[in-house]
Amino acid sequence: MTDRALTVLRAGALTTVQDLGRYGQAHLGVPRSGALDPPALRLGNRLVGNPEGAAALETTLNGCTVRPRHTVEVAVTGAPCGVAVAGRPVAWGQSVRVPAGAVLDVGPAVSGVRSYLAIGGGVAVEPVLGSRSTDLLSGLGPAPLRDGTVLALGPRGRPAPPADAVPAPAPPAELALRVRLGPRDSWFTAAALRTFASAVYRVSSASNRIGLRTEGPALDRAVTGELPSEGMVLGAVQVPPDGLPLVFLADHPTTGGYPVVAVVREADLATAAQAVPGTPVRFVVVGRGR
Amino acid sequence: MTATARAYRGTALPVGDRALLVELADGEETAAFHAELLRRRAAGTLPAVREIVPAARTVLLDGLADPAGFAAALRTWELPPPGSSRTDAVSLPVRYDGPDLAEVAARWGVSEEEVVRIHTAAEFRVAFCGFAPGFGYLTGLGERYAVPRRATPRTAVPAGSVGLAGPYTGVYPRSSPGGWQLIGTTDAVLWDVSRDPAALLSPGTRVRFTAVAGDGHEGKDR
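Which chain is which? The protein sequence lines are P and H, in order. Per UniProt numbering, the first sequence starts with residue 1, numbered consecutively. Per UniProt numbering, the second sequence starts with residue 1, numbered consecutively.
To be clear, the hints were calculated from the coordinates, so they are not data collected in a lab. Just to be clear, a hint being listed does not mean it is correct.
As the list claims (entries may be wrong) - Partial pick of chain H residues on the chain P-facing surface, computed with a CB cut under 7 Å:
(1) Val15
(2) Arg50
(3) Val193
What the hints assert, rightly or not - Not close to chain H: a few residues of chain P, all C-beta gaps over 12 Å, as computed:
(4) Asp3
(5) Val8
(6) Gly53
(7) Val85
(8) Ala91
(9) Pro99
(10) Ala102
(11) Ala124
(12) Ala152
(13) Ala168
(14) Ala222
(15) Leu244
(16) Thr271
No residue lacks a Cβ here, since even glycine has one placed at the ideal position from N, Cα and C.
Please build the complete structure, drawing on both the sequences and the hints.
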């Protein structure tokens, strides 16, 4: 391997390689995958002079620690956290130079869940079906990082632009997810739809890259039969037999057999991906499918 | 190509802001609609769409700029009968030695040999994919041979296992948990990302199963 690489010293709870995902292959059962907070990934890449869709590292709650073999520009975005180079605090949300062999630590999230470590040149793992993203549902792309993993980096494209100050996002005190009802809202009782539109749910600790699970009042079905499997979109609010709404995130299955009561606007999903367990969630109905 | 085209009679349900779920009367109409979508896309007459995902009785179109406009245009469509101009069927050699073969035979009320005869006589078609990359839901046995999923899914089903669930047959592309009734094993490689296409089976592919003896060397290459 060339010296354009970094070594993972501490992989953290769950750190994966993510870009903007795989498209056009859902009919083969291939999930979209990609960064759960795409605006944060894009910003990080811009800060280090990469194309917006370059592959970066997505951490979960407690960051990660890496050591690049050569001098690189990096930027940490997404969930605000402490960042240190060779033990010294450096700026979050700005382009930072890490000398060859120095230790870069992305600390635990102060708020939010997922931080992004963008690196000049991008992570250069082999693309699979057009993307370098790790897909946890079907196991495509590189495995989640482990201590000792060595990742190749791409050639630095152009000098990093002067760093802008990036405001640290405030943690969502309450998550308001705008939804459009349907396609299977008619499978639920009128009372269940009122509950869905008015109740306060909470983000469940069982949430992951596949779905944001919620805890709260169960939604009763008006139709009790089996729904034949059908295609699923990002942001679909699927209601399994326990009646608790589950919002499909990037690694969601491409087909499923539980009714989808509503679909969350894509613009709201980045915030959803940063909501820590226990965060109150409201579904705000902004339209109806039919 | 003597059968006549039928008028589109589907229902297009909006899914969020950018998608439509088109619901059709049955699997056959779904196949015809899906084939027409692919034909129009190949001809360059379909609006830009990111994903076309056929399923049991629906086709999802995701990433449409104007779902409502497209739904309105659909009402004028005619659907040619499907399956008239297909390439050869993919042949999958199977060792019919699965752990649930006896249970399937009992449910069907036939001998194990008869299960093999029925399964190898049927012509299958990939109705849709899902569950795992390259996992196809194959129709062809018909509802009378439908079997329930196992009450307790296995934690690890080996790659190449051929299983039945509901009216479908499927082949596990890789080892994974699974609740299908396993009747056999194939050495065919269902999914290989270093191959183009990665999936051996995609929606619309016709499939036949052939029985091979225990060592399974026969017909290993597709």
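Hints and how they fare:
1. With a least beta-carbon distance of about 5 Å to chain P, the hint placing valine 15 (chain H) at the interface is held under the 7 Å criterion.
2. Evaluation of the arginine 50 (chain H) hint against chain P yields a held restraint, the C-beta minimum of about 6 Å falling below 7 Å.
3. Given the 7 Å rule on beta carbons, the hint for valine 193 (chain H) holds: about 5 Å separates it from the nearest Cβ of chain P.
4. For aspartate 3 (chain P), the condition that its CB be more than 12 Å from all CB atoms of chain H holds, with the nearest at approximately 27 Å.
5. With a least CB separation of 23 Å from chain H, valine 8 (chain P) remains clear of the 12 Å interface cut-off, as annotated.
6. No beta-carbon of chain H comes within 12 Å of the beta-carbon of glycine 53 (chain P); the shortest separation is about 15 Å.
7. For valine 85 (chain P), the non-interface assignment is confirmed: its Cβ lies about 36 Å from the closest Cβ of chain H, beyond the 12 Å cut-off.
8. Remark: the non-interface label on alanine 91 (chain P) is consistent with the geometry, its nearest Cβ contact in chain H lying 37 Å away (cut-off 12 Å).
9. Every C-beta of chain H lies more than 12 Å from that of proline 99 (chain P), the closest at about 37 Å, which supports listing it as non-interface.
10. The non-interface label for alanine 102 (chain P) is consistent with chain H: the shortest C-beta to C-beta separation is roughly 35 Å, beyond 12 Å.
11. Against the 12 Å criterion, alanine 124 (chain P) stays outside the reach of chain H, whose nearest CB is about 17 Å from its own CB.
12. Even its closest Cβ contact with chain H, about 18 Å, leaves alanine 152 (chain P) beyond 12 Å, as expected for a residue assigned away from the interface.
13. Interface exclusion of alanine 168 (chain P) from chain H stands, the closest Cβ pair being 29 Å apart, more than 12 Å.
14. Listed as outside the interface, alanine 222 (chain P) is consistent with that label: its C-beta sits roughly 16 Å from the nearest C-beta of chain H, beyond the 12 Å cut-off.
15. For leucine 244 (chain P), the non-interface assignment is confirmed: its Cβ lies about 20 Å from the closest Cβ of chain H, beyond the 12 Å cut-off.
16. With a cut of 12 Å on Cβ distances, threonine 271 (chain P) stays outside the contact zone with chain H, its closest approach being about 16 Å.
Hint violations for this structure: none, all hints satisfied.
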